[in-house]
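J.: All chains should be modelled from the sequences, with the hints used to inform the complete structure.
2 protein chains.
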Amino acid sequence: MSVNWIRALLLTAGLSCSMTGFGMQALTIIDQGVFAVGGTVVKTPGTFDPYHPEAQGQTLHGDHAVVRYQIPAQPRDYPLVFLHGYGQYTKTWETTPDGRDGFSNIFLSAGYPVYLMDQPRRGDAGRATRSYTIEAATDDQFWFGQFRMGVWPEFYPGSQFPQDAAALDQFFRQITPNTGEYEPKVVVDALCAVFNKIGPAVLVTHSQGGGLGWLAGLQSPDLKGIVSYEPGADFPFPEGEVPEPVANSGFFGPQGAVSVPLQQFMHLTRYPIVIYYGDFIPKEPSANPYADFWRAAVTMAHKWADCVNRHGGDVTVIELPAAGIKGNSHFAFAEKNNQEVAALLQRWLEQKGLASRKVGLAD
Amino acid sequence: MSVNWIRALLLTAGLSCSMTGFGMQALTIIDQGVFAVGGTVVKTPGTFDPYHPEAQGQTLHGDHAVVRYQIPAQPRDYPLVFLHGYGQYTKTWETTPDGRDGFSNIFLSAGYPVYLMDQPRRGDAGRATRSYTIEAATDDQFWFGQFRMGVWPEFYPGSQFPQDAAALDQFFRQITPNTGEYEPKVVVDALCAVFNKIGPAVLVTHSQGGGLGWLAGLQSPDLKGIVSYEPGADFPFPEGEVPEPVANSGFFGPQGAVSVPLQQFMHLTRYPIVIYYGDFIPKEPSANPYADFWRAAVTMAHKWADCVNRHGGDVTVIELPAAGIKGNSHFAFAEKNNQEVAALLQRWLEQKGLASRKVGLAD
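Chains as they are written, first to last, in the numbering used here: chain Z, 1 to 363; chain U, 1 to 363.
Hints were generated in silico from the structure; no laboratory data involved. Errors might be hidden in some of the hints.
All copies of an identical chain are treated as equivalent in the list; a pair is satisfied when it fits inside any one copy or across any two copies.
Capping the alpha-carbon separation at 30 Å, the derived lysine-lysine pairs in DSS-like fashion look like this [said to hold, decoys possible]:
| id | residue 1 | residue 2 |
| --- | --- | --- |
| 1 | K336 | K197 |
| 2 | K336 | K43 |
| 3 | K283 | K358 |
| 4 | K358 | K224 |
| 5 | K43 | K224 |
| 6 | K43 | K197 |
| 7 | K43 | K358 |
| 8 | K303 | K43 |
| 9 | K358 | K185 |
| 10 | K283 | K185 |
| 11 | K224 | K352 |
| 12 | K185 | K326 |
| 13 | K197 | K326 |
T.: Given below as structure tokens:
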């Protein structure tokens with residue numbers, strides 16, 4: 001075996017250095033692609049005449065999710081399925097606003113198959129089955145506040161959000177609108193269709209996606225765990241155990257929970273769940289309306305964890321500052337310290353037996 | 001060096017077998033991600049008050065393209081930049097309707113850096129700067145005809161389109177609507193911004209994207225070549241040399257060309273261009289309106305190639321059946337024989353010096 005041949009092999013394997021000039025560790029991918037899943041078909045009554053085409057007799061395929069996936073070499077047993085939040089698409093997880101690796105690259109490098117979902121009526125899954133008007137609203141500065149980068153135009157002191165103009169430009173440009181009415185059931189059905197297609201996997205949600213994840217978790221038999229970054233307060237409690245909404249000074253009113261039959265609720269006790277919240281969330285009611293909204297969400301998250309655990313479940317709520325991880329906004333997984341945030345999740349996956357690998361090399 | 005260590009290295013390099021169980025050759029990626037590029041910012045006049053947020057003083061970042069990229073190990077010098085056509089997004093190039101490798105996987109495996117673009121106001125680049133109503137039109141069967149799979153409900157005999165129901169379902173679901181008014185200048189500006197960001201590269205367009213590619217090719221200094229699958233007839237000719245529109249029995253009327261100043265036109269003579277058309281396009285006027293539309297496009301393509309070449313350029317028009325590749329629709333790069341279609345392009349890239357590799361292993 002010549003030295004050149006070994007060098008060639010090392011280069012091909014990307015092992016000549018542990019990190020490339022681009023910041024990402026070289027990655028061997030054994031399969032990748034994109035597919036539509038779920039959705040429905042609507043049809044205009046009548047007969048289609050191809051030589052005089054009108055709407056009559058034609059179909060529209062819509063309301064599906066679009067899923068982009070990558071399988072690394074020597075994959076772990078349970079893929080991670082990532083669902084974005086309000087106004088976002090898969091970029092939430094792909095690349096940080098300052099152009100570094102997002103969670104998808106980080107967890108691919110750690111050996112997890114990754115499935116990234118654009119929910120129905122958003123992004124590449126844009127084809128809805130009903131007409132819809134998108135309003136071009138100027139609202140960037142509101143979201144800067146609501147997502148806890150700071151109170152416009154000031155970042156919070158110690159913020160982990162990259163504070164150059166180019167990063168903020170990229171962040172605002174990862175906002176993309178609904179292309180149809182927002183209907184939770186349409187998204188949850190598509191999310192369940194993803195799990196039905198790929199089999200046992202761990203769901204990772206963000207923000208509004210959190211509430212959709214709990215609803216999928218009530219019914220899909222293939223969920224092995226749920227990881228939720230900063231879900232809102234719309235947690236499902238058993239009938240008769242629903243807490244009062246949590247008053248707050250935010251712009252969305254009191255934050256209430258959801259009532260579901262106990263039998264459905266019990267699904268949520270069958271697998272481990274972890275919930276993370278970032279920094280700049282007060283412990284006591286605050287006149288900062290953005291921060292106080294999140295205080296209400298955290299308050300409800302703790303009530304919900306207590307409820308699920310009382311029924312035999314395994315829910316952990318982690319406030320990142322209490323774990324020594326400070327300065328994070330609503331997008332902890334995409335800020336300057338996101339490798340540290342990922343390492344915390346990786347340890348949880350290991351602790352819960354969700355990092356296993358049936359065959360292949362040791363880590 | 002132990003045998004186990006060599007085995008580990010081979011496995012990591014994906015060299016233990018040439019093909020994986022998934023059909024894709026294992027691929028080493030040294031960088032991948034997604035970014036927004038180009039676009040504009042609109043602002044509502046006034047001053048933003050974060051504690052009483054209204055539209056006043058807020059911005060909207062929109063009209064950018066979204067580009068997803070991957071860089072393979074030992075990359076060739078010139079990336080391929082892929083632009084979809086009407087009603088499509090990046091999936092055009094990513095995965096075939098029957099779930100096999102699309103051109104992005106094929107050309108990544110061949111060593112090309114790949115940049116896949118969602119044009120402004122489409123797919124993940126959905127945020128437009130003006131409001132817009134998306135009409136949920138039932139029109140799948142029309143596109144089946146216009147895209148030359150056949151005349152609904154029959155496929156053309158010998159069609160290379162995968163003819164199972166699941167593939168057709170996936171194909172219809174890769175249609176996604178405009179999320180804002182279609183304005184060629186907005187797309188061309190974003191396309192030029194892509195080349196400005198990444199430097200010298202080859203543009204690969206499809207269908208409506210073809211006309212946008214010629215417009216970008218009139219101005220961007222970084223285009224090293226253009227590959228166009230089935231562009232429409234809207235080719236740019238020098239003032240005074242524009243041919244008459246080509247009458248046809250299709251649904252879009254006579255197909256006309258575009259007039260540009262000679263000085264601009266001459267940019268198109270500076271790099272090689274290849275244009276491919278698939279099968280089922282008649283040589284003579286036809287009563288099949290779908291096929292006859294494409295006859296008009298091919299007719300104009302030949303006139304345009306003659307014109308560019310007369311001015312010193314290098315344009316080749318290839319009708320795939322004449323090259324022995326039969327049965328293709330409007331989506332030759334995504335049908336059953338797409339490896340053969342890719343091999344034809346790879347030979348053209350080699351012939352034109354666009355397959356070079358400054359450093360690294362020989363092929």
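J.: First find the shortest C-alpha distance between K358 and K185 inside one copy, then the shortest across copies, and answer within, between, both or neither for a cut-off of 30 Å.
T.: neither (35 Å within a copy, 53 Å between copies)
J.: Using 30 Å as the alpha carbon limit, work out where K197 and K326 are close: within a copy, between copies, both or neither.
T.: Close neither inside one copy (38 Å) nor across copies (34 Å); limit 30 Å.
J.: Have a look at K224 and K352 and pick one of within, between, both or neither, based on CA distance no larger than 30 Å.
T.: The answer is within: 10 Å in one copy meets 30 Å, while 52 Å across copies does not.
J.: Checking an output row: K43 and K358, CA cutoff 30 Å. Within, between, both or neither?
T.: neither (46 Å within a copy, 54 Å between copies)
J.: Within, between, both or neither: how does the pair K283, K358 come out at a Cα-Cα threshold of 30 Å?
T.: Classified as neither: same-chain Cα gap 43 Å, cross-chain 58 Å, threshold 30 Å.
J.: Using 30 Å as the alpha-carbon threshold, which applies to K336 and K43: within, between, both, or neither?
T.: between (48 Å within a copy, 28 Å between copies)
J.: Classify it for me, K358 with K224: is the Cα-Cα distance of at most 30 Å met within a copy, between copies, both or neither?
T.: within (16 Å within a copy, 47 Å between copies)
J.: Using 30 Å as the alpha carbon limit, work out where K43 and K197 are close: within a copy, between copies, both or neither.
T.: within (25 Å within a copy, 43 Å between copies)
J.: Measure nothing new, just compare the shortest in-copy and cross-copy C-alpha distances for K283 and K185 to 30 Å and report within, between, both or neither.
T.: neither (33 Å within a copy, 51 Å between copies)
J.: Between K336 and K197, at a C-alpha cutoff of 30 Å, which is it: within one copy, between copies, both, or neither?
T.: For K336 and K197, the Cα distance is within 30 Å only across copies (23 Å; inside one copy 34 Å).
J.: Between K185 and K326, at a C-alpha cutoff of 30 Å, which is it: within one copy, between copies, both, or neither?
T.: Close neither inside one copy (35 Å) nor across copies (44 Å); limit 30 Å.
J.: As a check of your reading, is K303 near K43 (CA-CA no more than 30 Å) within one copy, between copies, both or neither?
T.: So K303 and K43 fail the 30 Å test inside a copy (45 Å) and across (41 Å) alike.
When the structure is compared with the earlier hints, violations turn up for hints 3, 5, 7, 8, 9, 10, 12 and 13 and for no others.
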